[in-house]
Amino acid sequence: MANNDSSKPIVDFAAIKENLGSEYKMVQVLDGSAKVVNQEVFDSFSDEQLVDFMKKMVWERALHEQTMSFSRQGRLGFYAPTAGEEASEMGSVSAFEPQDFLFPAYRDLPQLIQHGGSVEKGFLWSRGHVKGNQYDPKYRAWMPQIIIGAQFVEAAGAALGIKKNGENNVAFVYTGDGGTSQGDTYEGLNFAGAFQAPLVAIIQNNGFAISVPRKKQTAATTLAQKAVAAGMPSVQVDGMDILAVYSVAKAAREYAAAGNGPVLIETLTYRYGAHSSAGDDPSRYRTKEEEKPWHDNDPLIRLRKVLEDKGLWSDQQESDYVDECKTQFKADLKAADAEPKQTNVEMLKNTFEVPTPNIKAQIAEFEAKESK
Amino acid sequence: MATKTYIQAITDGLDQVLSDDDKTLIFGEDVGKNGGVFRTTQGLQDKYGEDRVFDTPLAESGILGLAMGLAATGWRPLPEIQFMGFTFEAVDSIAGQMSRTRFRFGGEKNMPITIRTPFGGGTHTAEMHSDNLESFFTDVPGLRVVTPSNPYDAKGLIISAVENNDPVLFMENLKLYRSMKAEVPDDKYTVPLDTAKVVREGTDITVVAYSAEVNEALKVADKLAKENISVEVIDLVSLSPIDTDTIFKSIDKTHHVVMVQEAQRMAGVGATVVSDIAENDILSLDAPIGRVAAPDSIYPFALAEDDWIPDAAEIEAKVREILTY
Ligand SMILES: Cc1ncc(C[n+]2csc(CCOP(=O)(O)OP(=O)(O)O)c2C)c(N)n1
Ligand SMILES: [Mg+2]
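In order, the protein sequence lines correspond to chains A and B.
Positions 1 to 372 (my numbering) are the ones given, in order, by the first sequence.
Positions 1001 to 1325 (my numbering) are the ones given, in order, by the second sequence.
Derived by calculation from the structure, the hints in this document are not laboratory data.
There are no misleading hints in this set.
Pairs of lysine-lysine, DSS-like flavour, derived with a Cα cap of 25 Å:
| hint | chain 1 | residue 1 | chain 2 | residue 2 |
| --- | --- | --- | --- | --- |
| 1 | A | K250 | A | K164 |
| 2 | B | K1318 | A | K369 |
| 3 | A | K35 | A | K305 |
| 4 | A | K215 | B | K1047 |
Chain A regions said to be covered by chain B (calculated; three or more residues, Cβ under 8 Å):
| hint | region |
| --- | --- |
| 5 | 176-190 |
| 6 | 201-215 |
| 7 | 276-289 |
Model, not experiment: these values are computed from the prediction.
Even for Gly, the Cβ is constructed at its ideal location relative to N, Cα and C.
The following block holds chain A by itself, in its conformation from the complex (with noise of 0.2 Å):
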């Protein structure tokens, strides 16, 4: 029988693509005036850890400033600027124990030193120096990915790694707005989903892949959702809200780490500077009244209201601590430039466990030739 009720379709596709995406509400502690919108999460933290919070994210912003300032002066290679990005990456990075595993992107240089590595590594890193990826055995992560997406799969493996282990820790696993569109970060997600494996995937929506806007990446309202498909739970995060951004990720991982299965974090942040230390224009693809709202949104005028509300930071406190981390930061500088120089016979001898034979001939070689 031929449904002649026109009004009535078998499907409205329309309706369900009004309604997609619909359920995600941005979490909040603090709104963008400091104000505490959620008492009881408020309440939960101690005053020592609100000031823990705000040196970290001090820290974060200054470390941004002198590596910006040292690579004006041409004594770091690429670096991927953070200022914006600071409750997004120290309130998420803060909810994860040592043993967990972290897997970075490029812009998560901040991440990999709180999670245990180091800021003189970080600079070899962006220098280009195999010293800046030789961890200590013991510290869980990977080197910040460059191929955007391959972290995503390879974090799921871990996860699964970790639960074959029976352990009770969890992988941990960065991307951006724009990495959300690449194959592997969805293979990633459905495999964690598929094994059930201890995965907390964090998407930095900070409005820009380079010049990309978030909205030509895809049609979904919510990067959050994205998760949907592979069976996860996600949530979406006010990414300037250090508190929601840490509470949010502290209740990510212990529901992956009790064996519940993946979860997906998407924070809602900002990149106020370039792409990348190496000179991309903003100014090509968005103006500056696009990004006042942000600024006005900063993540430690937010915090920092609430702590001089409670007398607990002064302006003296923070530019007092702003001189140590920059005189740590030149001093770790002055470590990586005592580094020796990499040789073709380190690259040679790091390419394989027992060197091939065409690569022994080489070592011989270049040994002869750089021993002069």
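Add chain B with the ligands to chain A, keeping to what the hints say.
Same frame as chain A, now just chain B with the ligands:
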């Protein structure tokens, strides 16, 4: 005629093909408003509109699969892969799909796609941005691989690549983008896709090279000319197929040959040239074939690349060795 950089010459060529054929499309990551991360597509979106020059979501396999579907519906795509290291993400699209399409359809369907991508060392990029990956693709039947070594060829070759009805991988040398300038005609011209070029005539020895190494070889030719050693330099231009006739003709005259590549020794372009010579023209040679290539390690970290990349000094040493064999 105007003096143009290598990159401006490519932009010129792209402008030409966009204006010649309204079925041509340029797309990829950041190619639109931003004009590409190197500004190769600068101004083209403004001139031809967002329908013809547009940004895609970030996914290389998606970009090249999209190119195939567009070609199947009558378009002539020029996808950009932002750096050649990212072609790893799209090997199936290139090698498994578009290069086989004509063959699989029994010759009934073409894939007139030109994939542009920058490659090559010496600019201290982050890892995976500089590797010489040409050998992955010269091993793919059904795919042409070309790379210009100067601005004149860059413009003429991109136009030929786009006008050709088979898939072409067009490799742009990162280091040459802004470091190299030359006279480039304003009018349209083409440079053949499968012809090597004698870029310096000589009589004592032939140096075969491609891309940035051509310029290193030319430095050696200049230097040795002062000692009355006459070096002929051949630019392969096309890495697949290889124009062996031009090479044999040169060797028949010089009786000595050195093959130079920036890629690792184990990578196949030099090996293919050398085996073609060994098979077909070995009796013209008065000395063994010389080879200059990078070590067989992974492409090095940025701070180590200057020692790793073969340079004029290495070519010169090899040329002297072969000439005094
Ligand atoms: C596979 C791959 N394709 C392209 C690039 C070049 N690239 C580097 S960063 C970037 C934009 C990434 O944007 P997003 O994921 O939003 O992260 P963000 O840089 O904003 O932190 C692109 C296209 C790359 N590194 N890897
Ligand atoms: Mg982004």
